[in-house]
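Visitor: With these hints in hand, go ahead and build the complete structure from the sequences.
Chains as they are written, first to last, in the numbering used here: chain A, 1 to 635; chain B, 1 to 681.
None of these hints come from the bench; they were simulated from the model. For each residue, glycine too, the CB sits at the ideal point set by N, CA and C. You may find that some hints are simply not true.
[Stated by the list, open to error] With a cut-off of at most 30 Å between alpha-carbon atoms, the simulated DSSO-like pairs for lysine-lysine come out as follows:
| # | chain 1 | residue 1 | chain 2 | residue 2 |
| --- | --- | --- | --- | --- |
| 1 | B | 259 | A | 502 |
| 2 | A | 247 | B | 29 |
| 3 | B | 259 | A | 571 |
[What the hints assert, rightly or not] With beta-carbon atoms standing in for the labels, derived distance ranges:
| # | chain 1 | residue 1 | chain 2 | residue 2 | range |
| --- | --- | --- | --- | --- | --- |
| 4 | B | 493 | A | 442 | 52 to 62 Å |
| 5 | B | 43 | A | 251 | 48 to 58 Å |
| 6 | A | 9 | B | 32 | 41 to 51 Å |
| 7 | B | 194 | A | 185 | 47 to 57 Å |
| 8 | A | 602 | B | 419 | 46 to 56 Å |
| 9 | A | 247 | B | 611 | 42 to 52 Å |
| 10 | B | 365 | A | 152 | 16 to 26 Å |
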Amino acid sequence: MIRNLFHLLGYCKPYWRPYLIGTVALFFTDILDTFTPQIVRWTIDHLEAMSRDGGDLAAAASVPTLRFLPSHWFGDHGFMHGMWVYFVLYVLAVALTGVCRYFFSLYYSRAAVDLTHNLRGKFFGHVQKLSARYHDKVKAGDLMTLATADTNAAREFFWVGVLIGLDTLFYFTMVPIYMADISWRLLLVSLCTLPLIPFIVSRLANRIEMRYEDVQDQLGIVAEKARESFAGAKVIKSFAQEENEIKTFARMASLYKTKALSLARIQALQQPLLVLMLALADMVVVIYGGSLVLQGMDMREKMAAAGASSVEIAAAIRDSGAITVGGFVAFFSYLIRLSGPMVGLGWVISLYQRAHISVQRIEEVLDAKVEITDAEKPAPVEKLGGGIEIRNLTFRFYPDAKPALADVSITVQPGKTLAIVGPVGSGKTSLLNLIPRLYDPPAGSVFLDGVDVREIKLDVLRTQIGAVPQETFLFSETILQNLALGPGGDNPDPQWLKQCAKIAQVDPDIVAFPKQYETMLGEKGVNLSGGQKQRVAIARAIARKPAILLLDDCLSAVDTQTEEAILAGLKEVMKECTTLIVSHRISTVEHADEIVVLNDGRVVERGTHSELLDKGGYYAELHKKQQLEAELSAS
Amino acid sequence: MSDDFEDDLLDERIKTNVFDPVLLRRMLKYAVRYWRRVGVAVFMVTVSAGFAIAPPLLVGAMVDLVFKTGISLPGNVIANLAGPFTGGADAVRALPASQKLVMFGLLFLVLRFCSFFVDWANGYLLTGLGQRVLYDIRLELFTHIHSLSLSFFHRNPVGRLVNRTAYDVGSMEQMFSVAVVTLVKDVAMLAGIIVMLVLIDVNLALIVLSVIPFMIVATLVFRHHSRGAYRKWYKAQSRLNSFMAETMSGVRVVQLFHKEARNQRGYDEIGGDFQRHFLTQRRAWAIFRPIATTLSAAGIGLVLWFCGDAVVRGIPMTRLEMAAAGAISVGVLVTYLQYAELFFTPIRDITEKFDIVVGAMTAAERIFTILDEKPDVVDQPGAVMSSRFSGAVAFENVEFRYKPDEPILRGVDFAVKPGQTVAIVGHTGAGKTTIINLICRFYDVNAGRVTVDGKDVREYLLKGLRRNIAVVHQDVFLFAGSILDNLRLGEESITHEQVKAACEYVGADKFINRLEGKYNAKVEEGGKTFSAGERQLLSFARALVFNPSILILDEATSSIDTHTEEMIQSALIKLTKGRTSIIIAHRLSTIQRADNILVMHKGKLAESGNHQQLLALRGIYYRLYQLQYSAMERTPKAGGTRFVGMENKGSSRRRRAVAAADAGTVEVVKITNPDGLDVAE
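Guide: Okay, here's the thing in structure tokens:
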């Protein structure tokens, strides 16, 4: 636990400056705050001594205010018997605390928010770099939970947790000093219940945590039931099973309620129990402290009768271990001031536990190795020429998995076009993904211009390949910003971007929007149709003047006429680069220099359009079928 | 944006008016049901507030009584309370000091124990109330969602609905168990303190309480500033979250376009905004907090000043003189002092509960949005419960559209006789599935009518209608649970034997018996552990177990091995025997066996008749058949040939009027040309 705590606190190191300023301010706050009951103590001692002596100010001469301030302020002729002095002192002390409070409050939140901002930033940066294989396994939603809920838990600890932790530490060192000053015996006796508190807190915390987990598990079950039930809504409706579903759900929700109540039963105990612990101290203070006061009063009477001065009396009372009424009341005040931190301690512990788990989870992701990185000694390639060679490539997503691609060998000369067709799941997309190293091919299987793709710097590779993935993904930015992602850099030429949009046949659609190229996409803006999105994605890819263009079934959502127009426009672009194009439509692929048919990860047919038609295999059949379809739809 | 979770993040918008009274009233209505519990809670909370304000009184009384610093109201109250046990108030005063001390010690103990039990019970009681309300809302929400029509499920991703039922309801619970109650307690405490102060001494009370208006002004100013800052912070947070969510779900594109560095800059910018607004909000708090403490200190200072002066003035006086001069005892000063210290706590509490209330209100708004959704398809007044159908189904000039300008069915007419098997064929988007949806009344027709046993489906109660129709969907949905659970769903009245018999009948028993635990074997959701064929057989068994009058089946398109294919075909024959069956057919064998084939084309019934008749027509069916034939040639290893629907929605100008001739097996269906398009080629 201690090691873990130090590990967690290690995160604070770079932010030592604001933490230090905050801690100093906190220290002074606590000093001033623990001082204020002293003012009360003086006031009461002052009054009590006077009232005992029938209003003689001299009786209170031992009180510090009377010793250090002109006594005529407090006499019968002073303004309101000088009691305003206590007002001024008290407000001044607290106002000073306020100034310190402002500083620690601000510096702690600044440190914590900077810390979490950077932690989250590191997490975010790392997640972006993790390879597709990692993202296949981990849901984006889970990563988001880490970036939101878990970083928030960390922030709470680095802010409130650290603050209250130190605050408690300061209080527990300062308050007992004052209490001992009043009476060390009373302190010892009243704090006898104190050791019980950490014991009870930890016992209770354990049980609460167990039940809490139980409740969370049940909530998971309820959520899962709801999810499944909503997902299967059609079946439930079909069989008119709503009532039974509701019954089952009610049972689970009711169990949740029961568990939550069982948690509540002990959770509701926590706070009152702590207060009760302090109450035991209360009782001790009343009885023992009260008797110490009585003892002091007794002494005073005797010594006053013997003619001792009030200062002498005060000293004698102090020496005998007796206390004054002011001391008694102040002692109560201190006891209350300890109860806050005591309860706070429990809170700090739970904040710490939560942060510990959260940070651990975040670290797990941070520790995940970025699988795809630059080779140790990258090849000195700065410009891709467009030549692609795939040699006996066998690729598996996971070591034991069935190969997604088996023994594939393909060569594409620079500037040529290769088309890939084949049934769903035949490995077409996997093949395309290997070229920009979204997944890593085995060494010695994929070569660009004769250099193993794994030797080429990612920077070179990914800025010179233009890809249009199967699932179009545009960012919630303006259309122009989305297009600018293609060429990269800070200020791509907007004219060129618009030119590309024209080639991709999306310019007329964009110009039709009120804000044209400045139109925001996504939630806060316009939602493009599937076809429009695909065309923007095409424009984005060609805008970078790629050496290699990868088109993965990217015309599926546009109609035949638009497809023809796009292909006509792309023809010029495709002359300049090497193109790999995946499609289900014969019309898209028929003009390719070479067409390969994949099935189950293997190349089963290859050749030009006419060669493949002659072969009478899958491709020929697909052709026939699509012709029939065209005929039918034209009918 | 692929994940439902993100959709929810974007959905999170802070309300402009946090304390919308309509929303608040609606929320509180849920607690009204438990008015007795609420009453007890409020009472207990008040008692607890009473316990919380008692100690200052006790300490003051003790100072006066034990240390004999004067006679005062607190002292008198205690003396009178303890009087009956010791023989009168004066006897209490006359007790030896040490006995008085013990008395006070015990009083403290009793008080603290009482307040311990009250607080504990109260905490439990309130959580209980919160949990009950939560349960009610959750169940209402769940029930309501299930009462909504299919279109609702198409509009709302499952993740969003789950978040509403599971998590949003949870944040609403806080409103009941934490916020409302703390408010009651805080108000009760404040009121109690004021009453006590005034009772003891009106003038002094007024002086001490003069701090309150300043406090209120400070709080209002703070609230005004912090709310603006809070809202900005909240917005910045949503923006940051959606930015991150987008990057994470589009990480491939990010990598493909090497956008990492730019994103990191984006993070610094948006995250920096978030940081700044967070700090602004904290700064407002950092300023308010010291001001509030200083103000409360001023209250304490005023006690020291004015009460101190009053004490000094009263020193030589007798009790009566003191009262006349407005003088007080030291004990009263102590009481006042402790009240002034207590005063700030509830005020701070109220400010701190703000977050919870905002969260609860936002959640409530989202939940109520769903609760306000009306189902499209509801039971009509006078609808009857059907017992069993003989199974005649007819469409009479049915028009239907999901969206106003996209007609799906355009004047469809056909009739199915009891016990017949009808196959529906056509392209994707021709309207096949819609026909099924209308028979089950998942949607209501826009024009015309759908009848079962000669009666409009709207004249039956939904439950009875659907209970008598079994639908086997293309993609079989299996729930997590046992095989038994999956086959009888929630219907406990169906016995194990019935389930077993059904499985044996369709031939599913063979693979079930091989499973560990047989009918109690665990099924994963989606049934990933089963092959496509096995899932199909399970869905057949499920349909059979419910013994429907009408069977509706959307044949699976996935290819299965020859053996399973044969099993499914033989199961299908058994399943359709003796009951009206309407099948969206993808397999040639199914079509060939059908009594009648309905060829859907672009929302119309284009042709109908049996296989031979339709082939002879050389129309749409003929071409579809050719397509299927080529598919069969391609995958000769698959025993059951597939009849593949096409993804093509090309326009067709030709409509056909078909009169299927064989009236012996097929109802004569006349399809004239409803929208007057050219009939001739």
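Visitor: Hint by hint, note whether the structure agrees.
Guide: To see whether the hints hold, each was checked on the structure:
Taking the CA atoms of residue 259(B) and residue 502(A), the gap is near 24 Å; set against the 30 Å cutoff, the hint holds. The suggested pairing of residue 247(A) with residue 29(B) holds, with an alpha-carbon distance near 24 Å, which does not exceed 30 Å. Of the pairs offered as hints, the one joining residue 259(B) and residue 571(A) holds, with about 27 Å between alpha carbons and a cut-off of 30 Å not exceeded. For residue 493(B) paired with residue 442(A), a C-beta distance near 59 Å keeps the hint of 52 to 62 Å intact.
Distance hint for residue 43(B) and residue 251(A): a CB-CB separation of about 33 Å, inconsistent with the stated range 48 to 58 Å. For residue 9(A) paired with residue 32(B), a C-beta distance near 49 Å keeps the hint of 41 to 51 Å intact. Checked against the hint of 47 to 57 Å, the C-beta distance between residue 194(B) and residue 185(A) comes to roughly 38 Å, which is inconsistent with it. At roughly 49 Å, the beta carbons of residue 602(A) and residue 419(B) sit within the given window of 46 to 56 Å.
In this structure the hint that residue 247(A) and residue 611(B) lie 42 to 52 Å apart at CB holds, the actual value being about 46 Å. Here the CB-CB span from residue 365(B) to residue 152(A) is close to 22 Å, well matched to the stated 16 to 26 Å.
Going through the hint list in order, the structure does not satisfy hints 5, 7.
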